[in-house]
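Chemist: Each chain, letter by letter, is given below.
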Amino acid sequence: MKINFREENILSRMEKPGSAHQLALFRIFLGLQIFYSSGGRLFQLSDYVAVPAETKNIFPDMLNQLIASIAVPHLQIITQVLSLFLLMGLWTKYILPFLSISFLFLFSFYYATNNAPIPWLYIWFPLVLLNFTRCSDVLSLDKYFRLRKLQINALSNVYRWPLEVVSGWFAYIYVAAGVAKLLPIYKGWPWMQGGTSQDIMYNRFLDSIYFYVFAKPLFDYTEYAWIFASLSVASIFIELSCILILFTHRFHTQIILLVLCMHLFLFLIGVMGFMQLAIILSIALIQPGFFNKLFKERETPVTQAV
Amino acid sequence: MRWIKEIGFAFVALTLLFTILQTDQLFHYFQTIFLFKIFVLVSIPVIVLWLIMTIRDYLRRQGIFYYCIQKFRSLSIPKGAKYIIVLVLLGNFIAIGLGKQRYPFYDVGMYRWPKEYMTRDKTVYEVKYYYRQGDDFKILELRKESSLLLAEHFGLGYSNDIAYATTYFHKGEKENFEYLSHEMKERGVDTLWAGVHSFNFETHELTFDPDICHAINVNQTADFYYGPLYIPTYQLEKCDGH
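Order-wise, the sequence lines are chains A and B.
Every letter in the first sequence is one number past the one before it in my numbering, and letter 143, counting from 1, is 132.
Plus 449 on top of the position in the second sequence (first one is 1) and you've got my numbering.
It should be emphasised that the hints constitute simulated quantities derived from the structure, not laboratory data.
One should not assume that every hint holds.
Listed below are the simulated PhoX-like cross-link pairs for lysine-lysine, each with C-alpha atoms no more than 25 Å apart in a straight line [claimed, not checked]:
hint: 1; chain 1: B; residue 1: Lys623; chain 2: B; residue 2: Lys587
hint: 2; chain 1: B; residue 1: Lys520; chain 2: B; residue 2: Lys587
hint: 3; chain 1: A; residue 1: Lys285; chain 2: A; residue 2: Lys5
hint: 4; chain 1: A; residue 1: Lys(-9); chain 2: B; residue 2: Lys520
hint: 5; chain 1: B; residue 1: Lys520; chain 2: A; residue 2: Lys5
hint: 6; chain 1: A; residue 1: Lys205; chain 2: B; residue 2: Lys564
hint: 7; chain 1: A; residue 1: Lys82; chain 2: A; residue 2: Lys45
hint: 8; chain 1: B; residue 1: Lys531; chain 2: A; residue 2: Lys205
hint: 9; chain 1: B; residue 1: Lys486; chain 2: A; residue 2: Lys176
hint: 10; chain 1: A; residue 1: Lys(-9); chain 2: B; residue 2: Lys454
hint: 11; chain 1: A; residue 1: Lys5; chain 2: B; residue 2: Lys528
hint: 12; chain 1: B; residue 1: Lys564; chain 2: A; residue 2: Lys176
hint: 13; chain 1: B; residue 1: Lys528; chain 2: A; residue 2: Lys82
hint: 14; chain 1: B; residue 1: Lys634; chain 2: B; residue 2: Lys623
hint: 15; chain 1: A; residue 1: Lys5; chain 2: A; residue 2: Lys(-9)
hint: 16; chain 1: A; residue 1: Lys5; chain 2: A; residue 2: Lys282
hint: 17; chain 1: B; residue 1: Lys564; chain 2: B; residue 2: Lys549
hint: 18; chain 1: B; residue 1: Lys587; chain 2: B; residue 2: Lys634
hint: 19; chain 1: B; residue 1: Lys623; chain 2: B; residue 2: Lys687
hint: 20; chain 1: A; residue 1: Lys132; chain 2: A; residue 2: Lys(-9)
hint: 21; chain 1: A; residue 1: Lys82; chain 2: B; residue 2: Lys531
hint: 22; chain 1: A; residue 1: Lys176; chain 2: B; residue 2: Lys549
hint: 23; chain 1: A; residue 1: Lys45; chain 2: B; residue 2: Lys549
Kindly produce the complete structure, drawing on both the sequences and the hints.
Modeler: So, in structure tokens, the structure goes:
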């Protein structure tokens, strides 16, 4: 297998034709996830608990105070309603800027009170990016009400580049996670000894899905240092392997499978919440040809706004 | 191949740079640890050399950075998107380099700090809320509630994030307990108590001790994940003098 990195790297892939349905499906699943995440009861709890997390954001204090005062329920409701519009693809280009802002503000409050990096880490940039895309050309009410008009443009990359940028975002999340475990370099080796894996599996055992279903552990979490070390090394390997996304598309399937297996394992041992987000971003890693066949898109159907 | 060498060198130089940037008390370690001093003194020339070579290559219009920048500039994508991509790339690069987050820029360092592998107690303990049902009792399994298939009380809207927050992050706060207590009252459960759940990894013995006074004692003395659980005043008062 000879890989032509010059032709297959992410920047070159951004110039190629894509699938309107793939981008539209990404929009729909992103809208669904935002609707689900912004409707969570954590916001009510966050409004109630006294101790804020020690996190920082890029907003000035005055804005943070304003956000805290309107997050629940105003921003929450606004974000939910706008996410429904995104999901349906109605007035998409008008609602997207407002949805992006309300999402960023709402989850700034969420992060400030809970120190949890999900789900916003996976969503915020792809959402902002959609502002510049033609994500509602198909599978949308915009199309149904003829707010979009079909035209043919054989070589256009309008549906491809946004998804390639999202695949770059996928790579960033996992590679950065791997790098964070290894840097500074004097703590990389201790991390690979497996103590962190043991800490999570041991301490979360009584709160894990595996325990709820099977009422027993996978193995004795007080022993077998080599298993924990192997799990730690495997997680770093999987995360760092995502860098291949930037250089070629040939390993996308293997990367998706490895990442999903990792999240399934984490889900079972008590680290929940990542898998559905990884699946949504994975849409961007699937080759456009798959969607062209699935939706019987012609080879080069591209639309332009009226 | 040339680009593999370039990427390799960039990887080494950035690893050294980020290690220096992410070391708190850099000057203290520099003065007190000889090996660290050597590390810094070797790292700086390597980083400087990499910077010089990268800039030289760019000025000569060659190398991977020149290719990436020119390729990106020539892409037919909206200008606004290009600016946003560059801004986000820079923001996240700084976050990764410093090993710090500033929402929405993030180093993705959730589990970055190593915990020491250790021989742990064969029995794992956790203090959990429970409620009485006649003569029996039922544990309020907060993380189970985030699963639609396993949930018994809360269901939709009680997602993984709130399950995590109530079980761990806010577990020691009175407000967290009041929130849960309020939610359970709406579902017909008047009083929540704290008891001790335990599992022995050797014998596979699973127990739940509903003794409220024992739970207070264990909660105060044991070293728990995310600290002790908030125990309501009425439970503390009931155990006074025991």
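Chemist: Each hint: holds or not?
Modeler: Hint check:
{"no.": "1", "hint": "B:Lys623 to B:Lys587", "in the structure": "holds, 21 Å"}
{"no.": "2", "hint": "B:Lys520 to B:Lys587", "in the structure": "violated, 62 Å"}
{"no.": "3", "hint": "A:Lys285 to A:Lys5", "in the structure": "holds, 19 Å"}
{"no.": "4", "hint": "A:Lys(-9) to B:Lys520", "in the structure": "holds, 22 Å"}
{"no.": "5", "hint": "B:Lys520 to A:Lys5", "in the structure": "holds, 14 Å"}
{"no.": "6", "hint": "A:Lys205 to B:Lys564", "in the structure": "holds, 24 Å"}
{"no.": "7", "hint": "A:Lys82 to A:Lys45", "in the structure": "violated, 31 Å"}
{"no.": "8", "hint": "B:Lys531 to A:Lys205", "in the structure": "violated, 51 Å"}
{"no.": "9", "hint": "B:Lys486 to A:Lys176", "in the structure": "holds, 17 Å"}
{"no.": "10", "hint": "A:Lys(-9) to B:Lys454", "in the structure": "holds, 19 Å"}
{"no.": "11", "hint": "A:Lys5 to B:Lys528", "in the structure": "holds, 18 Å"}
{"no.": "12", "hint": "B:Lys564 to A:Lys176", "in the structure": "holds, 10 Å"}
{"no.": "13", "hint": "B:Lys528 to A:Lys82", "in the structure": "holds, 16 Å"}
{"no.": "14", "hint": "B:Lys634 to B:Lys623", "in the structure": "holds, 16 Å"}
{"no.": "15", "hint": "A:Lys5 to A:Lys(-9)", "in the structure": "holds, 20 Å"}
{"no.": "16", "hint": "A:Lys5 to A:Lys282", "in the structure": "holds, 17 Å"}
{"no.": "17", "hint": "B:Lys564 to B:Lys549", "in the structure": "holds, 19 Å"}
{"no.": "18", "hint": "B:Lys587 to B:Lys634", "in the structure": "holds, 15 Å"}
{"no.": "19", "hint": "B:Lys623 to B:Lys687", "in the structure": "holds, 18 Å"}
{"no.": "20", "hint": "A:Lys132 to A:Lys(-9)", "in the structure": "violated, 42 Å"}
{"no.": "21", "hint": "A:Lys82 to B:Lys531", "in the structure": "holds, 18 Å"}
{"no.": "22", "hint": "A:Lys176 to B:Lys549", "in the structure": "holds, 16 Å"}
{"no.": "23", "hint": "A:Lys45 to B:Lys549", "in the structure": "holds, 9 Å"}
In the structure shown, a violation is registered for the earlier hints numbered 2, 7, 8, 20, in ascending order.
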